[in-house]
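Student: Here are the chains, one letter per residue:
Protein chains: 2
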Amino acid sequence: MEKLFAKDLTLNQVFDFGSITLSEDDIINYAKRYDPLPFHIDKKIADASIFKGLVSSGPQMFNTSYIKEWVPRLGDTVICGLELNNWKFLAPIYANQPITCKVTIIHLKRNEAEKHVVITWNYQFFNPKGKMVQTADVTVMHKL
Amino acid sequence: MEKLFAKDLTLNQVFDFGSITLSEDDIINYAKRYDPLPFHIDKKIADASIFKGLVSSGPQMFNTSYIKEWVPRLGDTVICGLELNNWKFLAPIYANQPITCKVTIIHLKRNEAEKHVVITWNYQFFNPKGKMVQTADVTVMHKL
Numbered sequence: 000m001e002k003l004f005a006k007d008l009t010l011n012q013v014f015d016f017g018s019i020t021l022s023e024d025d026i027i028n029y030a031k032r033y034d035p036l037p038f039h040i041d042k043k044i045a046d047a048s049i050f051k052g053l054v055s056s057g058p059q060m061f062n063t064s065y066i067k068e069w070v071p072r073l074g075d076t077v078i079c080g081l082e083l084n085n086w087k088f089l090a091p092i093y094a095n096q097p098i099t100c101k102v103t104i105i106h107l108k109r110n111e112a113e114k115h116v117v118i119t120w121n122y123q124f125f126n127p128k129g130k131m132v133q134t135a136d137v138t139v140m141h142k143l
Numbered sequence: 000m001e002k003l004f005a006k007d008l009t010l011n012q013v014f015d016f017g018s019i020t021l022s023e024d025d026i027i028n029y030a031k032r033y034d035p036l037p038f039h040i041d042k043k044i045a046d047a048s049i050f051k052g053l054v055s056s057g058p059q060m061f062n063t064s065y066i067k068e069w070v071p072r073l074g075d076t077v078i079c080g081l082e083l084n085n086w087k088f089l090a091p092i093y094a095n096q097p098i099t100c101k102v103t104i105i106h107l108k109r110n111e112a113e114k115h116v117v118i119t120w121n122y123q124f125f126n127p128k129g130k131m132v133q134t135a136d137v138t139v140m141h142k143l
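Residue numbers (this note's numbering), protein chains in the order written: chain A, 0 to 143; chain B, 0 to 143.
Only chain A is shown next, with the shape it has when bound in the complex (with noise of 0.2 Å):
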């Protein structure tokens, strides 16, 4: 995958990540490390619970899409994180099911002096019917 470099980014730029399926063991292995709710980690509960049918941990979409496809083009540039906000997580997104990624640059600042810009990532999630099942707005200092 090509690195880019944050001296090339821009605001509004826009990527297109893909797409991304879950399956049930990747739902399942992932929620018992780190969100083991009973819907979660549990086929027979989730089947019962609201969802009815098995649903990845809200963070997971997000995370897989990170490592996945931001880190291997941007992870090179990080100084630090340093907020998430608007994480939400609109509606389920279920095993075996294509969920596509879009991110888009909505805030940008350049620091010429301190060599760094500080930039605002928002991801959009969508499902096979192209709603929108999760957004968050990631925001990191990078290397100029």
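Read the hints as simulated data drawn from the structure, not as lab findings.
Hints should not be assumed to be uniformly reliable.
Treat identical chains as interchangeable: a pair holds within one or across any two.
Here are the computed lysine-lysine pairs in the DSS-like style, where the Cα-Cα straight-line distance is at most 25 Å [what the hints assert, rightly or not]:
(1) K31 with K142
(2) K67 with K87
(3) K114 with K42
(4) K101 with K67
(5) K31 with K67
(6) K128 with K42
(7) K101 with K87
(8) K114 with K51
(9) K87 with K142
(10) K43 with K108
(11) K114 with K2
Position chain B against the provided structure of chain A, taking the given hints into account.
Tutor: Chain B in isolation, oriented as in the chain A frame:
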């Protein structure tokens, strides 16, 4: 650990979640899986970074506290997570540094007809000098 019931929770209620210390191995192992940035997984790069030492991935302390302290008390009451806001990485969290966690209910809206309550949980984390190093607001729908 004593389980709590959502019906008993009240606005402004405060919970002391004690202290968590992450080892170097804890930090590196977590980051390799979920936040593989160079300064979280390589001690030499971490020493040469602005942090001058190994620091945990932003989400790790919150996630550890959530799993160890919040889920055992409240996991059985969760209908679904709704959103996460104001997650601020205010200062680095180093290896072998005991971090205390205080959680406050800052918003609570009961819906008796629907038998649920929406609660915003404000997490605050402090280093041994009493400096706040991280905070986050997590909004969850609980069964009444």
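Student: Taking the hints in turn, state whether each one holds.
Tutor: A quick look at each hint next to the structure:
| no. | hint | in the structure |
| --- | --- | --- |
| 1 | K31 with K142 | between (35 Å within a copy, 22 Å between copies) |
| 2 | K67 with K87 | both (21 Å within a copy, 24 Å between copies) |
| 3 | K114 with K42 | between (50 Å within a copy, 23 Å between copies) |
| 4 | K101 with K67 | within (13 Å within a copy, 33 Å between copies) |
| 5 | K31 with K67 | both (21 Å within a copy, 12 Å between copies) |
| 6 | K128 with K42 | within (24 Å within a copy, 44 Å between copies) |
| 7 | K101 with K87 | both (15 Å within a copy, 23 Å between copies) |
| 8 | K114 with K51 | between (50 Å within a copy, 18 Å between copies) |
| 9 | K87 with K142 | between (28 Å within a copy, 20 Å between copies) |
| 10 | K43 with K108 | neither (48 Å within a copy, 29 Å between copies) |
| 11 | K114 with K2 | within (19 Å within a copy, 49 Å between copies) |
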